[in-house]
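Work out the full structure: start from the sequences and follow the hints.
Chains A and B are the protein sequences, given in the same order. Each residue of the first sequence is one higher than the last, beginning at 1 in the working numbering. Each residue of the second sequence is one higher than the last, beginning at 1 in the working numbering.
Since the hints were made in silico from the structure, they are not lab data. Incorrect hints may appear among the rest.
[What the hints assert, rightly or not] Not the full set, but computed from the structure, chain B residues with beta-carbon under 7 Å of chain A:
| # | residue |
| --- | --- |
| 1 | 394 |
| 2 | 398 |
| 3 | 411 |
| 4 | 554 |
| 5 | 806 |
| 6 | 841 |
| 7 | 843 |
| 8 | 908 |
| 9 | 911 |
From a predicted model like this one, the values you see are computed outputs, not experimental measurements. Virtual Cβ for every residue (Gly too), placed ideally from N, Cα, C.
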Amino acid sequence: MPAHTFRLNGEQVTVEAGDDERLLWVLRDLLGVTGPKYGCGINVCKACTSHLNGRAVNPCSVPVGQLRPDDEVTTIEGLAATAGADLHPMQQAWLDQDVAQCGYCQPGQIMAAVALVRELADEGREITDADLDGIRNICRCGTYPRIREAIRAASRAAGRRAPADGPDGAG
Amino acid sequence: MRCVEGTGRARAGNAQVEGEARRGREGCGPYDRPMISRRIPLVRPYTVGTAAAPSRTNGPARLRSEGRGVELEIPDTNRPDRPLPPGRGTVFPCHPCPPRRGRDRTARAYGAPVRRTYAATRTPPHPDEQTGRSLDTEPNRGDRHRAPHHGRDTAPADGPAPDGPAPVGRRRFLGLVLAAPTLVTAAELTAAPDARADVPSPEITELVDLNDVLTAAALPTSGLVTVRVDEDGTVSFALPRAEVGQGITTSTAMLIAEELDVPVARVRVTLADARPELLFNQLTGASNTTFATFTPIRVAAALAGRRLRGAAAAGWGVPVSQVRLRAGAVVGPGGRSAGIGAFAKDAAAVRTERADVALKPRGDFAVIGRPHGRVDALAAVTGRKRFTMDLDVPGALPTMVCRPPTINGRVRSVANADEVRAMPGVTDVVEIPTGVAVRAATFGRCVDAVRALEVSWAPGTAEGKSDESVRESLRAAEPPIVLPPLTKSVEGRFTFHFRGNSALEPNCAIADVRDGRAEIWSSLKSPVVARQTIAAALGLPVGAVTVHVTEGGGSFGRKLFFDAALEAARISQKTGKPVKLMWHRADDSRQGRAHPMATSRVRIGYVGNTVVGYQQRHTGVATDLGHGLGEVFTALAAQLPVGDIGFAQTFFHLSQSLPYDFGANSRLLNEVDKGFNTGSMRNVYSPDVACARELVVDRLAAAMGRDPMEFRRDFLRDERSRAVLDKAAEVGGWGRELPEGVAQGIAFHSEYHSRNAVLVELDCRPETVDRPIRDGVGGPRVTRAVVVVDVGLTVNPRGLEAQMLGCLMDGIAQTLTSSLHLRDGHFLEASWDNYFYTRQWNTPPEVQVVVMPDTTGHPGGAGELGVAAAMAAVACAYGRATGTMPTSFPINHGTLSFEPKPTVPPVPASPTDGLDGLR
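Written out as structure tokens, the structure is:
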């Protein structure tokens, strides 16, 4: 069984798995990192959304053999550390809006939201309704309106921090 | 009875109904053995707490069987001059159907409602801004628990010292202090809340509805729910329900925190394992949890508080009247203070004893009624919340099932089991009744193994069937609809297609069946029934089966069933190894439970400005209620005023009501074809039934030249309903100018002793409908929605708002986008990009939820309440925007907006392109 090395939530990890084992199962079944959820297995529902080098990725669609040793995989478990706090501002915004209902999709929602706000910051523009409409993550509880509010709030907060923190302030 | 087809049959089968009426009035005292009849004030619609009981009352509901359906006939006795019905053996007279005309617009002085806006252009209020709301804007209105007023200070001798049997007044309740090393109290509910009859109307659901049945079913065992206080000051409660996102762990923690004066965060609410002794008290459904547990949970908590005060008073040598509970501490004179944990042992009982306790008066509520964030929110946003598939049960390896290409097909033979067993990571391949199970090191290996299996399949239970053929059989089974001749009428016939009630978490369960014992982990809303069924399937005694209820990733009716738990148990037994079974999304969509396809036909007769009759014929593929809800009805059916008409009929009549005064009305349900895996989706029959009703109400208003909102308010049965509708119209700006192709819709629904009105604005302009969406459906968009809700006493407004948002999203999906397409005995949908549940691009950019002030003093149901009116409002708006009343739902069902995936192999390959665009 081949060994695969990459960075996971700030630490170097090596795991034995088939090259074609999808990262989602490497995380969940082999490494016990269960924040990313299964919702479809075909990169549709986005419940497993995590970050690869700071950008949104869906581990259900990434053969682990494609990862490089210096690739940084961040799951919901490692998100707060990227902001150097107990909670990432997006997680705090989620709490402020009391977004979660069953909570199953929310790790993926938060990771997608952080990536979106980061992208907008890179582009130097404000979030729009169209940006929010473009989020594909499914929430079967229908928390969408609170998700929108939380992202707007976090985005506004990131904008306020931006001069001091740089564009990565929100994420 | 009059105004219903064939007057001569009116009194057929009445004896039982009238018998119940009699018992309801003359029968059991308030503390006799709990039975449903005494909780149905068939002839006493006003109960204690209303000083001047109006003379208006209800005649008996009457049912008759007509072969293909059961008809509920309800006399319209909603007249101020109607005397109390006669007593035993008296035949109720037929009388002319009184025309229902507009009412005056005098609204009750409702307090300021709580409103929250989700809007692109607005800043939501800070949560603290919502806390100033008074729950007691009208102190005496409908509060049957209020007088005589007992505060804590009036409680009799507190503390562990044994009390003599205290007189139990209206607001005092008996509880138990259980023999235990630490303080454990239990509620023993001897004073059931009166059946809810806050509306004087002839609707059976207002005499006794589903919530009453479930609550009544739960009564004999409610004493077994316990509150425990430990020495570290934590308060624990094992909730005999399933938390699937609806927020009941939070609201339960709030109830306990309220009575025990501890911070909400100090209360640990866990989900109880299956406990057979709880019987029906462990079924989560019908938006019933808060309704049924509101009192017993508070009684147990209040008793715990009283014991703690007593123990502290004894320990300190001070009068108990000088000891208070405050924020998790016991405080006494002279600055004495200690955490409640310090007295947890002293307050414990050496032998189980009864004690009575008063509940906190509503005016003193500091937690109930104030917005509170979910108790599991932090766990959810950090990924720490553990769902079934996140549990680490030793040796439980990932397991999936290769399933048939058609619904409920059976395995004939497997050609390559050994070959698949030899695949990397695969440990087992075994046949089970529903397919071929594979167990492997990872779910990725399971997917590969399932895809590699070569299975020959026998036909299923829906072989060759399609949307068209099912619709034809439904049409053929529709009960007839007849109105008296010479009556003008409006009519509508509607089709509601199959819908998936999949949650985002697929069906899943962990099972360890070895050495004559079984242990199951799954999110189950009917764990007692699951346990019995699994024990029978495994050939084990029930006592050898342990069922743990885990946190659920959504339910929407799905988790009333335990399909995965049963499968997992079978697989574990057959392999002799623990298994972690998960359904693939494609399995969940194609072989999982579906909301039945149905037709609904509505006809409303009118003469001039008068509505003289309403008839609805609802015909559907059979809804499977055999998950425990059925057992409740089995046990109680004989005691219900609806007679022995079967589960589905009973459920239908108990859950459906006509909120308008439309003269004589009859609603029939007929169900056919048990070949499908069905289940009640959130709000069960109501979304379809209400959507059909509200569309024809719009049509009727148009025929009578009336504004649809004004028309509704004139015919609504009660003030609560009108207040909710008025608020929706006011907040939503009913009638405001909109561009062509954009229209408002407004709809009303009442159920679970709650009221709900929804107003939406729907944009049907081509540029909106045709907006490009990758792998999804755009279509008409709800641009604005206002949801107004009155659930009586709201425990957690923030949680209630969340439920209303979810209901709204469901209603939008059901009208516009979500359905399953049946073709050749299988559903085409196999993914979330096939089944179009509401997505962000369908979400209204602006949503307002308004929570009305308490109108009843008791919580009604909420979890499913908002789906029906939301679905109907969107449909009504669509009709108005396009000029054509929609008759087939969802409106896009005729267009297949995706490429169906193959059925063999049953699950799609895992993609490999996840890094595209990232390198």
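Status of the hints after comparison with the structure:
1. With its C-beta approaching chain A no nearer than about 12 Å, residue 394 (chain B) sits outside the 7 Å limit, and its interface hint is violated.
2. Satisfaction of the interface hint for residue 398 (chain B) is found here, the shortest Cβ-Cβ separation to chain A being roughly 6 Å, below the 7 Å cut-off.
3. Hint status for residue 411 (chain B) relative to chain A: violated, with the closest Cβ pair at about 23 Å, above 7 Å.
4. The restraint placing residue 554 (chain B) at the interface with chain A holds, with a minimum CB-CB distance near 4 Å, inside the 7 Å limit.
5. Using the Cβ-Cβ criterion of 7 Å, the hint placing residue 806 (chain B) at the interface with chain A is satisfied: the shortest such distance is roughly 4 Å.
6. The beta carbon of residue 841 (chain B) comes within 4 Å of a beta carbon in chain A, closer than 7 Å, and the hint placing it at the interface holds.
7. Annotation: interface hint on residue 843 (chain B) holds; nearest CB of chain A at approximately 4 Å, less than 7 Å.
8. Given the 7 Å rule on beta carbons, the hint for residue 908 (chain B) holds: about 5 Å separates it from the nearest Cβ of chain A.
9. Interface hint status for residue 911 (chain B): upheld, as the beta-carbon distance to the closest one in chain A is roughly 4 Å, under 7 Å.
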